[in-house]
Amino acid sequence: MTAITRQEVAHLAKLARLDLTATELDHYAEQLAVILQSVARISEVAADDIPPTSHPVPIENVFRDDIAYPGLDRAEVFAAAPATQDDRFRVPRILDEEQA
Amino acid sequence: MSSVDADLIRQSASVLAAAISEGEVSSLEVTKAHLARIAEVDERVHAFLQVTSEAALAAAELVDEKRRSGAKLGALAGVPIAVKDVLTMRGVPTTCGSKILEGWRPPYDSTVVARLRAADMVILGKTNMDEFAMGSSTEHSAYGPTHNPWDLTRIPGGSGGGSAASLAAFEAPLAIGTDTGGSIRQPAALTGTVGVKPTYGGVSRYGLVALASSLDQAGPCARSVLDAALLHSVIAGHDPRDSTSINAPVPDVVAAANRGDVRGLRIGLVKELGGAGYQVGVLQRFNEAVELLQGLGAEVVEVSCPNFEYALGAYYLILPAEASSNLARFDGMRYGLRAGDDGSNSVEQVMSISREAGFGAEVKRRIMLGTYALSSGYYDAYYGQAQKVRTLITRDFNAAFDKADVLISPTAPTTAFKIGEKVDDPLAMYLNDIATIPVNLAGNCAMSLPVGLAPADGLPVGLQIMAPPMADDRLYLVGSALESALTDKWGHLLIEEVPSL
Amino acid sequence: MSTNHETVPFEEAMTRYEPIIGLEVHVELGTNSKMFCSCSTTFGAAPNTQVCPVCLGLPGSMPVLNRVAVESTIRIGLALNCDIATWCRFARKNYFYPDMPKDYQVSQYDEPLCTNGWLDVTVATDEGPQVVRVEIERVHMEEDTGKLTHAGGATGRIHGADYSLVDYNRAGIPLIEIVTKTVIGTGSLAPAVARAYVTELRDVMRALGVSDVRMEEGSLRCDANLSINKPGEGWGTRSETKNVNSLRSVERAVHSEIERQAAVLDSGGRVIQETRHFQEDTGRSISGRSKEQAEDYRYFPEPDLVPIAPSLAWVEELRATLPEVPSVKRARLQETWGINEFELATLVNAGAVELVEASIAEGVDPAAARKWWTGELLRVANERGVELSELPVTVGQIARVEALIADGSLNDKLARQVFEGVLAGEGDVDLVIAQRGLAVVSDDGALLAAIDEALVAEPDVAEKIKSGKIQAAGAIVGAVMKTTKGQADAAKVRALLLERLGVSE
Chain A
1 MTAITRQEVA
11 HLAKLARLDL
21 TATELDHYAE
31 QLAVILQSVA
41 RISEVAADDI
51 PPTSHPVPIE
61 NVFRDDIAYP
71 GLDRAEVFAA
81 APATQDDRFR
91 VPRILDEEQA
Chain B
1001 MSSVDADLIR
1011 QSASVLAAAI
1021 SEGEVSSLEV
1031 TKAHLARIAE
1041 VDERVHAFLQ
1051 VTSEAALAAA
1061 ELVDEKRRSG
1071 AKLGALAGVP
1081 IAVKDVLTMR
1091 GVPTTCGSKI
1101 LEGWRPPYDS
1111 TVVARLRAAD
1121 MVILGKTNMD
1131 EFAMGSSTEH
1141 SAYGPTHNPW
1151 DLTRIPGGSG
1161 GGSAASLAAF
1171 EAPLAIGTDT
1181 GGSIRQPAAL
1191 TGTVGVKPTY
1201 GGVSRYGLVA
1211 LASSLDQAGP
1221 CARSVLDAAL
1231 LHSVIAGHDP
1241 RDSTSINAPV
1251 PDVVAAANRG
1261 DVRGLRIGLV
1271 KELGGAGYQV
1281 GVLQRFNEAV
1291 ELLQGLGAEV
1301 VEVSCPNFEY
1311 ALGAYYLILP
1321 AEASSNLARF
1331 DGMRYGLRAG
1341 DDGSNSVEQV
1351 MSISREAGFG
1361 AEVKRRIMLG
1371 TYALSSGYYD
1381 AYYGQAQKVR
1391 TLITRDFNAA
1401 FDKADVLISP
1411 TAPTTAFKIG
1421 EKVDDPLAMY
1431 LNDIATIPVN
1441 LAGNCAMSLP
1451 VGLAPADGLP
1461 VGLQIMAPPM
1471 ADDRLYLVGS
1481 ALESALTDKW
1491 GHLLIEEVPS
1501 L
Chain C
2001 MSTNHETVPF
2011 EEAMTRYEPI
2021 IGLEVHVELG
2031 TNSKMFCSCS
2041 TTFGAAPNTQ
2051 VCPVCLGLPG
2061 SMPVLNRVAV
2071 ESTIRIGLAL
2081 NCDIATWCRF
2091 ARKNYFYPDM
2101 PKDYQVSQYD
2111 EPLCTNGWLD
2121 VTVATDEGPQ
2131 VVRVEIERVH
2141 MEEDTGKLTH
2151 AGGATGRIHG
2161 ADYSLVDYNR
2171 AGIPLIEIVT
2181 KTVIGTGSLA
2191 PAVARAYVTE
2201 LRDVMRALGV
2211 SDVRMEEGSL
2221 RCDANLSINK
2231 PGEGWGTRSE
2241 TKNVNSLRSV
2251 ERAVHSEIER
2261 QAAVLDSGGR
2271 VIQETRHFQE
2281 DTGRSISGRS
2291 KEQAEDYRYF
2301 PEPDLVPIAP
2311 SLAWVEELRA
2321 TLPEVPSVKR
2331 ARLQETWGIN
2341 EFELATLVNA
2351 GAVELVEASI
2361 AEGVDPAAAR
2371 KWWTGELLRV
2381 ANERGVELSE
2391 LPVTVGQIAR
2401 VEALIADGSL
2411 NDKLARQVFE
2421 GVLAGEGDVD
2431 LVIAQRGLAV
2441 VSDDGALLAA
2451 IDEALVAEPD
2461 VAEKIKSGKI
2471 QAAGAIVGAV
2481 MKTTKGQADA
2491 AKVRALLLER
2501 LGVSE
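Chains as they are written, first to last, in my numbering: chain A, 1 to 100; chain B, 1001 to 1501; chain C, 2001 to 2505.
It cannot be assumed that every hint is accurate.
[Unchecked claim] Derived lysine-lysine pairs resembling DSS-like cross-links, with alpha carbons at most 27 angstroms apart:
id, chain 1, residue 1, chain 2, residue 2
1, A, K14, C, K2147
2, C, K2464, C, K2485
3, C, K2492, C, K2466
4, A, K14, B, K1403
5, C, K2181, C, K2093
6, B, K1403, B, K1271
7, C, K2242, C, K2093
8, C, K2242, C, K2181
9, C, K2464, A, K14
Simulated from the structure, these hints should not be mistaken for laboratory data.
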C-alpha cells in the first residue's frame, strides 16, 4: 500500500498544480514512499470504534450577525494582482488548446 | 534592577517596560538600541527578513509622547518585538519565507499584530522561518537559513528559527512565533530561550497564514518565563474573527509567573518521550531538572501515553493534508508570483508553472503527501485513521492529567545540529518534533525553557512542560519555579552564557 | 466537442423509454452579508467592490458563519419537510479554478444540514391534475464562486477565449443546494414535473422570504440530471444539464435531453456521463466536459469553522416563523376564488398565482384577473419565451383596463388591443388608448345608423327577429361590430336593435 509509482506522483502533481520536472518526479516518488512507509504505522492502531478528531477544541455554533460592512478599497484589492483589466482580475484562458 | 542604560539590549522586557513607564529611558532609545544591534549582527544571524526601522521609530516616538501626555499605557508599552513573517501586518511585506509571496503587502493586520499595536508595543520587523512554517531548522526559508547565535554554523531550530535567534542574539527582547508541531518550542530549546504554545484557540489565528489550521497556534517567545507571560497576556483572548477562538477568560499567566511554585504539584514524566533516540547530554540535563523540581517540593510520577508513538505518523498525514488545501490559493491569479503567462499557456498551466517556481522542495513534498492522504481510496487509511489516532492521543493526555497536574519531557531529542546536515533527509528532520507534536494534535498547551548546556557540545537543552487545555497558567507556575532555581544555581539566566557575536 | 443534433421526437421516444430525472437547485440566499464575511451581497455592484480579505481568500483570513444563512437553511429544510441535523460540519471541496479565491469551496459534504424531505407538485394531465411527490435528498450550504467573463476570441464564450476576467463580488454569497432523490415513473410527464418542481420550490423560497429567486439574475439555478432506459431494464447513464435559466427552460431541457438520449440509444450508441450546457436560443444542449475521469475533490472537514449543532429549541423557534405553505395557500385560494383544481394547476404552471393575487388586491375581479394572466398574456409570454412576470405588464395596468371595461369605456376586444399596445412598448394604458383611438362608440346616433344599414343589407334577418326569433339578432350585432371596427359595446347594440324593431326579450 505504501509503494508509490512515478505515475501516481505525476497524477498527484497534476491534482496539486505542480509542474514538476522529471528529476523531481523520480526524487519525490522515492521520498514519498519512505515517508508513507513510516507514517503507515498508524494503521497498526485498532481504532475502528474511535471517533475521529477534526477540531482539537470542542466548540460549536459560532456565528456572526448578518450585518454588511464595506470591504477593501479597489486599490488594495488590486495592489498585488499580477494582471488586471476593466476592474477585474485578468487570468489566462481557462481551457487547454485541445479542449478549446 | 535599575541600571537599564548599561546595556539596553540585554535587558528583559519586563525591566524595559518598567523603565519606559517610569521615564528612566525612552522607547525611542530602546528601539534605536535594538535597531543598531540588528544592523550590527543580523548579517551573520539572518534572523530578520524585513526590518521596519522607520515604522518602529515612529511607533516608539508615539509611545513616548503618549507617556509624556499622561495617557494610560499597556504593560509592555514601548518594548520592541519581532514578529514571525507568517503573520500579516498591513502594508509590510509578508512572505512566509516563500518566493511565491515575495513582495506581497497584506491590506490588513493579523489580530496578533493588532493587539501588539494596541498594547503600544514597537514592532521591529518580520523574522525568518522555514517556508510556510514547514521545517525544523529554518533552512527551508527561500531567503536563506538563520544561524544559531550559540554557534553560527548550526541551525536555530524551526520553523520559527528567526524569532528564537533574534532573542538569543539580543536583537529583540520579545518575539512572536507560531507552533504547528513544535515551531515555537523546539527553536526555544535550541537557542536557550523560552517559548510557549498556548492552548489551541487561546490566541487568534486571524491573519496567521495557515499551515495546518487545526494545529497552528501563535504564541510568545522570550528570554525569561515572566517576559513570556507578559506577552502571552497581550496577545491571548477571544477574537470574533476566528471561529475556533475560545470565548473564555485568559488564564492569569502573569500572576502564575510571578508566583512560581511547584510545592504539592504532581509532575508527570512521560515514559514514551525520552530514552532511545535522545541525545545523552539532553537526557542528563533533563534528569537534573527533574531532581531540581523534586527538591522544590513537586511530586514526580511516571505516566504512560502509549499512543504517542503514533503521533508523528498522524501528524505527518494531518499536517500535509490541511497544508495541501491551505496552500492551494497560492496560484498566481490574485497576488504573489505568476510565471509562464506567455499568452499561450492555459490557466491550469500557468498555475502549475507558478507553483512549481514559487514553492521550495519541502513545501512541494508536503503538498504531494497531503494530496495523496486526502485522495479518494486513501482517505480512510491515511487521513481518517490519523484523525482517530488524534482522538487516542487526546485520551492519553486526559488519562495522564488525571495522575499529574503537568507533564514534562525534553523538548527536542538533540541539541542544535549543523546547517545542511539533514536538509534533504525529511524523516531525520521530522524526528526533531517527536516530543512536541502530541500537544498540537490534542490542542493543549506547552512551554519550553532552557535547563542547561549539553556537556558534550556546550549547546542549550530545553525542557517541555505540558498542561491541559486552558490551564496555560500551570506552565508559567512550574516554568517560573524551575527558572528561579536554575538561575540561583547559575547566578544568571542561561542566555547570559551565549557567546558574544 | 461533439454536438449531436440527431433527435427522436418526444412522443416517439416515450413509446420506447422511461425517463429518470434528478434536479439540483442552487438558491442564493438574500442575506445582507456574505456567508463567511461581512461584505455586501447587493446584486449589480461595480466589479470587485464588495470584497474583503476573507472572500478574496487572502492568506491568513478566516471565515465566520452568518447566523441568518444557517437559519434560512433550517427554515428551507423545515418547509421541505426535512430532518434537521443535530450536528454537522462544513467540508472543503478541493479543486483549482480561478473563480474560486481559495482554490477550495467551503461546502457541506457528507453532513448536510437538512435531509430526507419532500415536496408535492401538481401537474396538469389530460385526465386532470396529478400530484407527484418529489423526494428531497438533502439541503446543504455552500459559498458561491466569483464571476468569470471570457474575453478575446469570437464568441465571448469559454471556448476560443484568449483570456478571462474575474469579479469576486459574488464569491462567498451564501448558496443553498437542494438535491432531489431520483424521480422515477413520471413517464412523459417528466418535463412538466421538472418544471412544476422548480416552480413550486421557487414559490416556497419566495414565501419564506429567504431569496429573491430570480432565475434571470442567477439567484436560482437549476441543473437537470436525466437518464432514460427501456422498460424493465436497468437505469441508463445520466447526463447533467447546466445553464437552465428559466422555468420554461427546465421543461425544455428535460424534453430535449430525452429526445437526444433516445436518438443515441436508438442508433446503438451509449450515453456518456457528462455535463451539458443548455442553449436558450436553440432549446437544445451542447456537450461540456466529460465526467468520465471524475474529479478527486479530496473533501475533508473544514478546520477553520466549528460544527453546527442546532438545538431542538432553536429549530422549533424557526419552525414557528414558517409562512403558509404554498400548497396550503393554494387550497385557500381555490376556495376564495371559486376555482377547481385544474384551473389552479393552470395558474401554478403558468407562474400566475402571485400575479393574479396581486391583481385582485388591486381591485380586479378574480375571474377577470385569471382570464388575463392565463389567456392573452400567457399566450404572448409563451410566444416570446419569457416568464409571465417578465412581461412589461403590471397589475396596476390590469386594474386600470378592468375599470375602463366596467364603466363601459372599453370592451373586451378593445382591451386586448390596449394590452397589445402596452406589450409593444407604446406606453401606459391611457396613452395607448389615446394614441390608438380605442374608445367604445357610445354615440346612439352613429350606432343606430349602423344598425339601419345592417338591417337594410339583411332584410330576411330583420323579419326573423320581428317574428320573435330573437337569437337571430346576433348576425346584425356582428355586422354592426364589424362596421364600427369593434369599438362598440355589443350589449348596447343589441338593446338598440331590439328597441328599433320593437321587440322585447
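For K2242 of chain C and K2093 of chain C, compute the direct alpha-carbon distance and say whether it is at most 27 angstroms.
Between K2242 of chain C and K2093 of chain C the Cα gap is close to 20 angstroms, so the pair holds against 27 angstroms.
- Query: Taking only the CA atoms, is the gap from K2464 of chain C to K14 of chain A under or equal to 27 angstroms?
  - Reply: Violated. K2464 of chain C to K14 of chain A sits at ~92 angstroms, over the 27 angstroms cutoff.
> Taken at face value, is the distance from the CA of K1403 of chain B to the CA of K14 of chain A at most 27 angstroms?
Replying inline: Since the Cα atoms of K14 of chain A and K1403 of chain B sit roughly 49 angstroms apart, the hinted pair is violated (cutoff 27 angstroms).
Does K14 of chain A pair with K2147 of chain C here, judged by a C-alpha cut-off of 27 angstroms?
25 angstroms, holds
> Between K2492 of chain C and K2466 of chain C, does the CA-CA distance stay at or below 27 angstroms?
Replying inline: At roughly 18 angstroms apart (the allowed maximum being 27 angstroms), K2466 of chain C and K2492 of chain C satisfy the hint.
* Take the C-alpha atoms of K2242 of chain C and K2181 of chain C, compute the straight-line distance between them, and say whether it is at most 27 angstroms. => 18 angstroms, holds
Practice item. Starting from K2181 of chain C, check that the Cα of K2093 of chain C is at most 27 angstroms away, please. Key: Distance ~22 angstroms between K2181 of chain C and K2093 of chain C Cα, so the pair holds.
Is the hinted pair K1403 of chain B and K1271 of chain B satisfied, with a Cα-Cα distance of at most 27 angstroms? 13 angstroms, holds
- prompt: Is the hinted pair K2464 of chain C and K2485 of chain C satisfied, with a Cα-Cα distance of at most 27 angstroms?
  reply: Holds - the C-alpha atoms of K2485 of chain C and K2464 of chain C are around 25 angstroms apart, at most 27 angstroms.
Checked against the numbered hints listed earlier, the structure breaks hints 4, 9; every other hint is satisfied.
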